[in-house]
Amino acid sequence: MNRARAGMLMVIVVGAVSAAGQPVGESEPAPGLGDSIPRLDARLSALHPSRPHEYFELGEEVDAEGGIRLATELYALTLSMALDTGDAPLGAGACVALAGLAETDRERRWLAAVARTIDERFSLPALSAAVTPRVDEAAARGADVFTFVRAGDGYEARRLLAEPGVRDAIARVVGDEWLGRLGEQADAWPCAECRNRRFIPDRDARAGERLCPVCGANPGEPLDRAGLIAHLSAEAALLGVEPESWAALLLGGAGEPMHDPDPGEVPARVGVDPGARYWRGGRWSREGGP
Amino acid sequence: MSTKREREPGQRGPSPTEAFLGVDAARGGPFALLGLEPSAADDAAILDARDRRMRQIDEHPLAETPEADEVRLSLYASAAQLLNPSVRARLAESWGVPGSRPAPRPVPDPRADSAPTRGVGTGADAVRPGGPSTRERLLEHDAILALAMFGGWNKRSLRRIASIAHARGMGSGEVASTLRRIGHRRRPHQRPAGQSRAAVVARTPPPAFGDKPNPGSPLDEQIDPAQRLLKMAALLVVVAVVTLASLIVGVVGLMNLAAPNEAPVIVENEDANAATPPSSPRVTAPITRNTSRPRVLPAPDALGDPELVIRELDASRRAFELTPFEATRRFSDAVALFASTWVAFDPEARERGIDAAERFLELSSSEPDASRLAIDAVGAGLAPLSGADRGALGEREVWPAVWSAGMLARVRSSSLLSSAQRAQGDRLLRLAAPDLGAGATGFVRGGVAGARLARDRLVRVPPENQAWVRWIESVDALAAGEETVRTILLSEALDELLAPPAGEVEARSAGIERVTLALSWRRGSGARRWLLRTLDHPAATSGALSRLIGALASRSAAPGIDATVSLSPNADMRERGALRTRLERAWRLDQAGELDSLAGDLRAAMASIFRERPLRSDPQAQFVLGVRLALLNAAASLMRDASFEAAADAIARAAAIETRRPNRVSDTAPLSTRAGPDGLWALRFDEADSDADERISLLNALGDRGGEIGPVDAEVLVETAVNAAPRLVEQRARETLRGFLDTPAVLNALLEQVVEMPRSVDMIDIIELATATPISRDTRDGAWRAQAHRALVATLIGMLAHDSRWGGVDDLLHELADAYQLGATAVPVSAGESGAPAEAVRLLRMRWRREAHRAGPAGLAGLDADGIERRRVARLELATTPIQAFLGEQLAACETLALLTSSERAGVGPEVAGVLGTLDERLDQAGHIAEQIASCEEAIARLWLIREGLNR
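Here the protein sequences line up with chains A and B, keeping their order. Everything in the first sequence is counted per my numbering, starting at 1 for the first residue and increasing by one. Everything in the second sequence is counted per my numbering, starting at 1 for the first residue and increasing by one.
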């Protein structure tokens, strides 16, 4: 899920950057926003880069009324202007505000780290309590689903998946693509031939048994090493386990490049053209004329 | 346990010991119980006797009863007592061999499997064909001691056993078979349902010191008389200890009387420098935790006997089990003596002393209060560096400060000590050195850190103070002949001394002269190049340099320097440059020499790697490239320190690393690589459904076969071990399982069972053994299951990863950490001592930051130390894995080197900015974190080339 959103975000970013110089962003205020914030359009039009605090303050009002996109634009512009003027507290405050609007924990953490690079007083620990998920009971039960699937206990796996919060926990921690896969794997078991007994009567020998020809006496989702590692890595994430071995981490998908917390990248990352600072004709524009 | 009073008045019938082993066995004492003559008891005889008695019980018709278990436990306890030579000697005296002394305990040679060993494996004791090997028997011996020492099968005993086995190079198979054998002897047959009292007793940890008796405690008459005997013996020991301690104090006092100017003063809770007159020694008061100053200390000249210190430490350990606090007091006195005299020890004796202290601490972990006092005593030498008073160190405080730092670094990284002990060591160390990284592990590295701390408190000591002399002696002891280490530490001290605030040159002159004269100025020494660099360095004042040159010219025998060499206190940089040229010529350092040759090798090696540039789709090769560059960067650092040999070695190490690491096992391979079909054993086992004997026979056959096991066989084995009837089969399956715990198939099978596994202490033991992770035994909640689940997942992933295409990464991690460690300190790293790579990077960055601070403002806009620090902290907060944490530290190190380089060399700002700009682009474009690590390492290499002027 995170990766999918990140991919969508990248599309937005590329689009925004390529359209630099043109009015960009969702220009129209959200429906109803004009009702709750009097004279919103006029106030937006009155904003001027020489008074970046006003962008931030209006962003807070819009944010409080649920205008997420417009608030994002106002905060991102505030940051951009604060970087230009060297106003570290304002820039860091804008980053923190953006972190509050981020859709993913990863994005929130990145924005909080950016705030920290601008002003050291904005350290993550104070913020992270709100943004860092704890390993909870539902996530632990989600890990059990993986175990049951590997053991071929489809009944238990399905029962757990039906428990409140388990599906959400799996989707949140390891991505919702796992939900479909786990559902299919749970449905495939127990073994239709031996019912997970591993052995079936050997009719040819009239007495004795033989290995189940369907599951090979090994009920559960058949996994090669790569598949097993992927399964275990997801299970580890749900359990909050962080392997110490770098090899294990890299196998588990920790090889993604680290995105340096660079304040200059924030506007593009949230899909805002930092040069378009004037609200004209219901859109952000680089031109400040009437 | 067998006792003199085993049959109480009124008791009917024979005692259990009598019933199982006969009247003679119950006549009293551990020797009788084991059927041993006190005069003939050695380790091998004790073990054989115990085994003989166990077989005797096993063959008894009532072998399955709790009474039998009780006698078995008595046998184990008695054997454990007698295996301790000191206890054995005292018991022998009590039971008929007056004057018996403990024989020196033979040191087992792990390599001597077949070699005759005293008491084991010879004559009547020879290892039986098919029986355990000598080293397995030795491990068994020590395992029993560990079990007895730590109260049965628990985390600490397992860790202790694993440490011993690891130290002897024994594989997990041998460990498992040894433990299986112990377990088998303990419980040879099926027992009726429920846990025996003996088993419960075996698992009960000893009461904490100071615990009040609880209602479940045995009545006085129930206490084992052998224990009572031991306690009486202990009292005698205490008396002996007190007497010996008095003798030591007396001897030390006499030594001090003989040297009145160096009188020892034993002081607590007082300022040793200021308050206590040196002529009024006092006997030590009881240990308190809030010691603000260390005990001081026999004068450094009145050196203690290393063997006395080691004997005292060993004796403290032996006394600990009986009288923990008395033993801790004795230990504290011994470490105070050690800390104040260690410089005089040869390295081998010093290491033995450190080992002895560590062993005491290991044992003391069973008594947390005593342990805390003991570690406080170890850290007492750092007290003058930890307090708010940041005055100069007294001369008698230098050696203890360095020793305490070294010892605490050892404590905080010791695998033998508990996490609480390690944490306490870490806390005490950080009180004195808040910036000290976790990479400072082991005595030498901790000592080096302590020496640096102490140095900073010596810069203004008055001339009459001998603290610099003591400090230089500490450095010599730490360096132990490593000239490079010595030169670095001494030249760092001069770096500090030569940059005094205005008007402080005079106050530092004594230190400048002492350290200058301590440096080696002979040909090949790094001191010569250091001085030439320093003459160019504006941070070193001419006033301070003139003192150095004066000392060198008038009081040293430095070749090429005579009385005509001088430097005016007001010399400008041109005059200093002239002196530099003169010294270059005198020392023939202006010609292309070793440095140029090495620099050429380094530049060529770097250029070669720059050209390689592996495919972006090959992150393994990217990682290898990063490690090779890190070693070359370490070589550059070592060259700057004039450690030419070490630099050449680092270049060679970089070249020796293969570009690619082959896949070990294909990712599509099945879990088992065992030859032959999987599942046939499981099929036969299933067919033997109701025949317990046949099933046991099949389990025995599987255990005898050993080696790899397939997933089907593994799952059936684990299912049987978890829950099978009859319990005899279940028990045998658990024993068999212990032999396969290092196989992925069994780990996976345990994992599949863990979610629904009924709680069983045996199974928790097995999971602990398989994962080397402690698991809770608390029955009140399900914590044990979650812990077991997590431990199994982590262990299985690690096991699979080690055999995967990334397996080589873990092998290379120590190279990476070593490279940064060498760059940071030039201190050679012992195998296994290099800490986490991120920590090693941090050390190097801090060194560069110090150097940059001295070098002055950066010649590069937008780059400053505060900004680097802010970005570093932000990256670390963002990091969710140790790999990202490493990269965060690595990037900060790179930026710090850029800062340093642009500060040191005028006009290189644009080149440095170009390197950082390229790095930014590559970080953004990288497809894998390994590529980012390699890119950062390349940027550091390019900065080194700029710094050394090798980029043109």
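Bear in mind the hints are in silico, worked out from the structure with no lab data behind them. All residues carry an ideal CB built from backbone N, CA and C; glycine is no exception. Take these hints with a grain of salt, some might be off.
[Said to hold, decoys possible] Short, incomplete list of chain A residues facing chain B, as computed with Cβ under 8 angstroms:
no., residue
1, D35
2, S36
3, S45
4, A143
5, Y155
6, A192
7, C194
[Unchecked claim] Just so you have them, the derived chain A footprint on chain B, three or more residues with Cβ under 8 angstroms:
no., region
8, 349-355
9, 451-458
10, 743-755
Right, here's what the structure says about each hint:
With a least beta-carbon distance of about 39 angstroms to chain B, the hint placing D35 (chain A) at the interface is violated under the 8 angstroms criterion. This hint is violated: S36 (chain A) has a C-beta 35 angstroms from the nearest C-beta of chain B, more than the 8 angstroms allowed. Annotation: S45 (chain A) was flagged as interfacial toward chain B, and the flag is violated, the nearest CB pair being 35 angstroms apart, outside 8 angstroms. A least Cβ separation of about 7 angstroms between A143 (chain A) and chain B falls short of the 8 angstroms threshold, and the interface hint therefore holds.
Given hint, Y155 (chain A) at the interface with chain B, is violated; its Cβ is 12 angstroms from that chain's nearest Cβ, farther than 8 angstroms. Look at A192 (chain A): its Cβ only gets to about 18 angstroms from chain B, farther than 8 angstroms, so that hint breaks. For C194 (chain A), the interface hint is violated, the least distance from its beta-carbon to any beta-carbon of chain B being 11 angstroms, above 8 angstroms. With 0 residues carrying a beta carbon less than 8 angstroms from a beta carbon of chain A, the region 349-355 of chain B misses the three-residue requirement, and the given coverage is violated.
Counting residues of the region 451-458 of chain B whose CB lies closer than 8 angstroms to any CB of chain A gives 0, so the stated coverage by that chain is violated, three being the minimum. Proximity of the region 743-755 of chain B to chain A, defined as three or more residues with a beta carbon under 8 angstroms from a beta carbon of that chain, is established by the 6 residues found.
Hints 1, 2, 3, 5, 6, 7, 8 and 9 from the list above are not met by this structure, while the remaining hints are.
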